[in-house]
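Chemist: So you can see what is in the structure, the chains are spelled out below.
There are 2 protein chains.
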Amino acid sequence: MPDARIAVVGATGAVGSVTMRLLRERGHRNVRAFASERSAGTSLDGIVVEEATPEALESAGVDLALFSVGTSASRELVPHAVRGGAVAVDKSAAYRLQDGVPLVVPEVNGERAFEHDGVVANPNCCTIPLTCVLGPLHAAAGLARVRVSTYQSVSGAGARRMETLLAEPQAEHDLAMDWSWDGDETDEEAKIRAEARKILELPELPISATTVRVPVLVGHAEAVWIETEEPLSPGDAASVLGAAPSVRLVDVPTPRAAAQTDDVLVGRIRVDYAAERNGLALFLACDNLNKGAALNAIQIAELLLERVAV
Amino acid sequence: MPDARIAVVGATGAVGSVTMRLLRERGHRNVRAFASERSAGTSLDGIVVEEATPEALESAGVDLALFSVGTSASRELVPHAVRGGAVAVDKSAAYRLQDGVPLVVPEVNGERAFEHDGVVANPNCCTIPLTCVLGPLHAAAGLARVRVSTYQSVSGAGARRMETLLAEPQAEHDLAMDWSWDGDETDEEAKIRAEARKILELPELPISATTVRVPVLVGHAEAVWIETEEPLSPGDAASVLGAAPSVRLVDVPTPRAAAQTDDVLVGRIRVDYAAERNGLALFLACDNLNKGAALNAIQIAELLLERVAV
Chain A
1 MPDARIAVVG
11 ATGAVGSVTM
21 RLLRERGHRN
31 VRAFASERSA
41 GTSLDGIVVE
51 EATPEALESA
61 GVDLALFSVG
71 TSASRELVPH
81 AVRGGAVAVD
91 KSAAYRLQDG
101 VPLVVPEVNG
111 ERAFEHDGVV
121 ANPNCCTIPL
131 TCVLGPLHAA
141 AGLARVRVST
151 YQSVSGAGAR
161 RMETLLAEPQ
171 AEHDLAMDWS
181 WDGDETDEEA
191 KIRAEARKIL
201 ELPELPISAT
211 TVRVPVLVGH
221 AEAVWIETEE
231 PLSPGDAASV
241 LGAAPSVRLV
251 DVPTPRAAAQ
261 TDDVLVGRIR
271 VDYAAERNGL
281 ALFLACDNLN
291 KGAALNAIQI
301 AELLLERVAV
Chain B
1 MPDARIAVVG
11 ATGAVGSVTM
21 RLLRERGHRN
31 VRAFASERSA
41 GTSLDGIVVE
51 EATPEALESA
61 GVDLALFSVG
71 TSASRELVPH
81 AVRGGAVAVD
91 KSAAYRLQDG
101 VPLVVPEVNG
111 ERAFEHDGVV
121 ANPNCCTIPL
131 TCVLGPLHAA
141 AGLARVRVST
151 YQSVSGAGAR
161 RMETLLAEPQ
171 AEHDLAMDWS
181 WDGDETDEEA
191 KIRAEARKIL
201 ELPELPISAT
211 TVRVPVLVGH
221 AEAVWIETEE
231 PLSPGDAASV
241 LGAAPSVRLV
251 DVPTPRAAAQ
261 TDDVLVGRIR
271 VDYAAERNGL
281 ALFLACDNLN
291 KGAALNAIQI
301 AELLLERVAV
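Respectively, the protein sequence lines represent chains A and B. Taken in order, the first sequence gives residues 1 to 310; the numbers are from the numbering used here. Taken in order, the second sequence gives residues 1 to 310; the numbers are from the numbering used here.
Hints were generated in silico from the structure; no laboratory data involved. The structure displayed is predicted, hence computed values, not measured ones. C-beta: ideal position from N, C-alpha, C; glycine also. There could be a bad hint or two in this list.
[As the list claims (entries may be wrong)] To give a feel for the contact side, a few chain A residues facing chain B, derived at Cβ under 10 Å:
id, residue
1, S43
2, L44
3, R145
4, D174
5, T210
6, T254
7, D272
Next up, chain A with everything else stripped away, as it sits in the complex (with noise of 0.2 Å):
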């Protein structure tokens, strides 16, 4: 497996150069780097950055790509990588709800990965810890509705955000929507509830969500209520999480505490008093950079290295 040919594309992104270190942490040794003209020739880790053009890619011989670009160039990009050969992995939202193409969180639906016809979609930064959370939760209690709002910080928004936070925190001192707008929600909020609903494959699960960008740099927080088919204690609440995979159980998850770690934390888990019956809450922390993004795909490439047996 260390000797699967890899692509990152899009690797000098914040995502793309999490990417390329937990690449290189987790022992691949065969990576090659792609991004946009203006980053191509510089080096990263030694590796030269090449230009992500559709012959690049077409030609590129690797076994997998991953893209961490956004949604419209992944569009053009995508299909050149998989018409030379490779199985992309992508982080965009262009082809998460494509039918045909599964929506991966390794913990939570990994079989759907070998279903692919060229392309694996990676969730959103939230709808990933959110499903490591609701996954076990769904097999030990059945999932009756949930709800969730956010804390995201600005590294989602893009690394340019980041160096505004810390050369001027005061203007950055707010909450912020600043997302698209679909409908009457942000499409942050479609996303969470769409992604949840494929990933979990329950398609009308009902499920609603608040999305807020917070001053922090790195890692997303979300508070959940959830209601059960069945009861579940906050005890058994807890054990199932503590057993399930990626989870961390800790008091108050926090997004710093969580960040620069391939945890889900996930804490505060109690009655939620306001359900009618079987109502938990619950709160979680997760590094969107890793595991909300670049982990999240290089665990859903490792699945199919496994099987293709590089």
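The hints should help you fit chain B onto chain A, whose structure is shown.
Modeler: Frame of chain A, contents of chain B only:
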């Protein structure tokens, strides 16, 4: 009314200094300022700060005493002001849930203010804007259940935390739940439930909160999910709230837009797709030092003064 004799106790703190400014702006001229020994003798807007001793408060000869000191200081000092003939409006948690002490948001239950026995309590800074929204919705359609997650600025934790955020922003770029614990809840979460129930006179209202400190200087925001007894469309809810006192409808409420205004900003009013029936979601923001604390107490004082006809 402008001739009423008013004492502000804790006049040099984050809320006390806003109280002093608002009293001046609203035409109150007969104001005395009290604070701890440390601040006594200093001058606030030309008013020499007096030391808040039990004796000084008992002999102050004021009509009203507005307390913005900690809970234990309120427990100690408020009875002396009352013994001296003042009506105390207390912003701490000391008396809020005590039988016989009205807990008042003038727009919601102003009439209750007159039922006092010397003390009227001012609610928590999250409870005030929340009930400004819940009160009119309850009158319109009946409240069935309420969930709220908060985004609370550091000014709610005191003036020193504001200084830290300004001086060392990176140290504060994290979320926190920096309250005391009341079982498996923060005491802030328990307060929101207990106080909202008392103000709305719905002692069994199913309501739960998750309270979170965010690195914002001034202004608290709340993501709210509401289920009503009768159907209420988002459009009708907006009409109800648009006509409600102290509420201002905006597209996206933010702490910065709310700061230094008297209004509770409300927006994002939409259907809660997770609710079984009659579900609404909305977002609100409010200046926690102003309407969330100082202004609400002054409004209580002015209500009382109109009846007392000083």
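Chemist: Are the hints correct? Go through all of them and say.
Modeler: Okay, the hints, checked on the actual structure:
Given hint, S43(A) at the interface with chain B, is violated; its Cβ is 29 Å from that chain's nearest Cβ, farther than 10 Å. For L44(A), the interface hint is violated, since its Cβ never comes within 10 Å of a Cβ in chain B; the closest pair sits about 26 Å apart. Evaluation of the R145(A) hint against chain B yields a held restraint, the C-beta minimum of about 5 Å falling below 10 Å. Here the hint on D174(A) is kept, as its CB sits about 4 Å from the closest CB of chain B, short of 10 Å.
With its C-beta approaching chain B no nearer than about 4 Å, T210(A) sits inside the 10 Å limit, and its interface hint holds. Satisfaction of the interface hint for T254(A) is found here, the shortest Cβ-Cβ separation to chain B being roughly 5 Å, below the 10 Å cut-off. A least Cβ separation of about 5 Å between D272(A) and chain B falls short of the 10 Å threshold, and the interface hint therefore holds.
Consistency with the previously given hints fails for numbers 1 and 2, ordered from lowest to highest.
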